[in-house]
Amino acid sequence: MATSSVSKGCFVFKPDFKRKKVSFPIADYFNEGESLSEDSKLRFDTCQLLWQQMKSEAEELQEELNKNLFDSLIEFLEKSHLEFRKKSTKWNYQIKCREIPTAALVLGVNVTDHDLTFKGLTEMLRDTVTPYVVSLQAKECPDVKHILQKLASQLMGCCIDMESTEEEYVQSSQRKMHYSMAFLSTWYKSVTQKTSSESVKKKITSFSHWKESPPIVIILKDIESFSTKVLQDFIIISSQYLHELPIVLVFGIATSPIIIHRLLPQAVSSLCIELLQSLSCKEHLAKLLDKLLLTTRFPFKLNEKALQVLTNIFLYHDFSVQNFIKGLQLAILEHFYSQPLSILCCDLPEAKKRIHSLSEDQCESIRRLPSFMRYVEKQTPEKQVASLTDERFLKEETLRFLEDLHSYHENFFLVLKCLHAFTSSLPKYPLGRQIRELYCACLEKNIWESQEYEPALQLLRMLAKDELMAILQKCLEVCKSPPGKQFGGTVEKLQEFLVQFQKLEETESNEEENGSGSQQKGLQKTDLYHLQKSLLEMKELRSSNKKQTKFEVQRDRVVDFIDNLVRKYLSPPDTQTLYEVVYFTGAHILREHLNAAPRIALHTALNNPYHYLKNQALKSEDDSIPNVAPDICIAYKLHLECSRLINLVDWSEAFATVVTAAEETDPNSTASEEIKEIIHARFIRAVSELELLGFIKPTKQKTDHVARLTWGGC
Amino acid sequence: MFPLENVVLCRESQVSTLMALFGERHHFSFPSIFIYGHTASGKTYVMETLMKTSELPHVIVNCVECFTSRILLEHILNQLNCLTPSEDECTSHIACDSFNDFVRLFKKVTQDQGVDDQTVYIVLDKAEYLREMEANLLPAFLRLQELTNRNVTVIFLSQIVWEKFRPNTGCFEPFIMYFPDYSIGHLQKILSHDHPPEYSADFYAAYINILLGVFYTVCRDLKELRHLAALNFSKYCEPVVKGEANERDTRKLWRNIEPHLKKAMHTVYLREISSSQWEKLQQDDTEMGQLKGLSAHAHVELPYYSKFILIAAYLASYNPTRTDKRFFLKHHGKIKKASFMKKHEKTSNHLLGPKPFPLDRLLAILYSIVDSRVAPTANIFSQITSLVTLQLLTLVGHDDQLDGPKYKCTVSLDFVRAIARTVNFDIIKYLYDFL
Ligand SMILES: Nc1ncnc2c1ncn2[C@@H]1O[C@H](COP(=O)(O)OP(=O)(O)O)[C@@H](O)[C@H]1O
Ligand SMILES: [Mg+2]
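Heads up: the protein sequence lines correspond to chains A and B, in order.
Under our numbering, the first residue of the first sequence is numbered 594, with each subsequent residue one higher.
Under our numbering, the first residue of the second sequence is numbered 52, with each subsequent residue one higher.
Next up, chain A with everything else stripped away, as it sits in the complex (with noise of 0.2 Å):
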């Protein structure tokens, strides 16, 4: 870049950001080579459309769900500092130590999720208790030094907010970057009795009793990773000063409460503790997946490996829900960029619409799905004609195979629910305890032809009438909640099931005497061995006396039926037509992006280079190393057949022998001196590239040698 000045020197440019500016739409990937980018857009908008429901309804829930933890901490708060608000005088005020009120909020291990928890907390508290609200990492707080000067810029700054006047104060006293309490108390001092004497005009309306003093919320969002000697220093500073600052602490944990007798060994006698606990991440997720997938709102869906990785991930790995959301996003994104006809994964009203419109490349991609193919070869000979070639007819059958898929997945989760009301009450959880192992099952394969099935529906025959009618009432409930929606007379068939059973149970004191009573008894949760014990024995003595009481009749009705629904309606997706519309296949897509396996694709990429590069020159059938491939890989391939320790001097030696094997030079002439230096240079950097990587590193065990920091292939 050309200068102005005359004289030689060093000049700072600065990036021209106008030019940086220049983005791509986004929509503009999803342009792939052949389709039409009139199509890809639309896609693209679609995928949009349903990711913002589909997110603001996982927003919603998340909402819903911490508005139960923030209720009882806006209560905890109310409770706190009574007495400094009425300026108490009682006698057992002024003799007891002053503690702080403290907020526990055992918050679970998925750390990456909590930040959203605090970002609502404090909206919450800002809009609705007190405008102090101040949050606090332990990473920036390694003294009390930068904790004070954090508390008094973020409560400082929140008062600006609110009073533009108030600006000359802060600015007179922050010259000098050095806070203390005493500094803080007297500012808040004055704030206080300034807003007091003018006229209150904030929002904050509910806690009247706030107005005068509002309290100094301070959240620790990470408390273990504070350490114990600031915070101890902390929290003796602010006890210290606690009838002139309501100050109020607030501690996100991870783990457990104990947590809090370990840190503060000494301070805790200088807090009150309140434990809130938020909802267990397993509970959340389920709660997620019935609002997102379990549902025919959104027309999305996962198959079963997809959805298996997703899960797993959360279960074996991160807890995190966020992050399972972050993985259904990409799974829609990649779902709408790598499936033509995911046009058509939108609401029926819609669908309908875009059906009109298909292209005839597109009429051409139904033709060829499998489950389409699927279904031409069990037609007629002129209706396989005419599938195939005339576009009308096939308009006309892809908007009935999406209806069809409509009311299929309609059932389909009514029914999955009721099973799953039925089986999460057995013993041992045959079919899984939460719904989500359930929905796995019945997404894989039929559910009753699995080995698990037949058991549980054998254990459902022995189940008592109070068990019994609580899940069909939990059924009743399931298949009313859609309004309006006819299921099959499955409701009315439930009602009259539940009115035969309580008519039973009217006449049942008259009969109590009736033979086999004791299979009424329920089962009892015991071991599996005993279980299929008495199970063999129940058999046995219902085949001895045949006669069944009524209720045992009644109660095998009830599991024929459900038996039924389930035979009917739980097929899995893939028996339906069209089902390459809406559900994402590309399970090891998700794994690829979110599990993603550093070491493995390092060794991958060092021991068989082609995989990455392409290069022909790079195939090799047995595991020997071309010459020809990059020199870190030679060294890398080399180093894989040595010991702990390795010698530079053999291993340069085989690495000259490797590179030179296919140039077949004369070792004596006076050019291949040269050669050999370059080559030991090339050895060189290969394997301070490698060190660079973490293979080897230099060790005194021995001269000329280093150490290996690997073991085994990867």
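Treat the hints with care, since some could be wrong.
[To be verified] DSS-like cross-link-like pairs, simulated, lysine-lysine; straight-line CA separation at most 25 Å:
| # | chain 1 | residue 1 | chain 2 | residue 2 |
| --- | --- | --- | --- | --- |
| 1 | A | Lys672 | B | Lys331 |
| 2 | B | Lys215 | A | Lys822 |
| 3 | A | Lys1021 | B | Lys358 |
| 4 | A | Lys732 | B | Lys457 |
The set of hints was computed from the structure by calculation and includes no laboratory data.
No experiment lies behind these values; they were computed from the predicted model shown.
Place chain B with the ligands on chain A using the hints.
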């Protein structure tokens, strides 16, 4: 103001020594006085009341609050500046950067305030924090009288003995005074002193007597005892308020309060439940059963692999490296413990505490204890890191990331056993100490 003897109890000899040291107002006193004694032995209280009742010009600064020397010095000067309250002076803030400035400003301020003809007292409470500030601060305060050439006495209050303060370069030796712990008689007297106005002194004294009987063996801290006294007094009065007993029914009152206090010893006193919860319990008269203490919530829910990582880390921390082969190789043959036990290892590894281990050993153990095949994915590595942030593992000497980080497992055996139980892993079978 009350006469001193009525408010400061059981410290007659200390008070009279101090009074003698201070002498008349214009007399020079000892340049520096160092007072030490356990927590709640009345150091702060005696100093405060002494200064106030005799209306001496003084400032009291708590050193915990002053995390830099600058704040400490400015604090002293600004408080001095407000000794005689006159509106405009108090609002002007005195800035002070160094001790040099402090000496100069100190002279100026005392002159302005018109106290240069009498002893000015500077009380530095929690003086142990001075040791963490600049090294020159303590020696300078010790000889402030000499440096300023004014009539000033600096009083240090500390829980730590003087020997731990003395800089190795030597310094001016202060006058040293010890506040001994209160005896049970003293405690009885002081605690009974502040009885609630509604009840007679005798009634309250009887209550304190019972309280001390229960708590004296575990706690002699005056502040804690007073806190407990205040918390439980309403329960003590309950029979009287209800009319079931009169104030002199000591036996009946005792039978009512004693089990209650014993319960308090295991709960509020240990901060297992908070004082507000305790008070609520008393009011509602509910049973303790529903309210669980903090330590009842020890359980931590972890992702599946995190549990195994933690177990692997525990094994790596408490098993000698040599024994890994025996525990984790499928066909290790029959190696008896005795044959591969070295002499010094006879002591329990659990008594020695966790040992650091490299990342690769952790992973190797992890792979052999998880039944399914785990790929070393980014998620596994980030799980290890999150266990570190959760303080379940700690990173040892993390100066060089490439050099292979080392970790230690910080959880207890009980904790890891609870975790292992949830994944049906019998950890005891894999621990060298329990062979
Ligand atoms: N001799 C005493 N007479 C009356 N009250 C006392 C006495 N000693 C201590 N106290 C009470 O005990 C409390 C704690 O004492 P404090 O001076 O803070 O102890 P220290 O500073 O030694 O830790 C004081 O607030 C005071 O009310
Ligand atoms: Mg003190």
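Structure-based check of each hint:
1. A:Lys672 <-> B:Lys331: The hint holds at about 12 Å.
2. B:Lys215 <-> A:Lys822: holds (19 Å)
3. A:Lys1021 <-> B:Lys358: Judged against 25 Å, a Cα distance of about 22 Å means the pair holds.
4. A:Lys732 <-> B:Lys457: Answer holds: Lys732 (chain A) to Lys457 (chain B) is near 21 Å, not above 25 Å.
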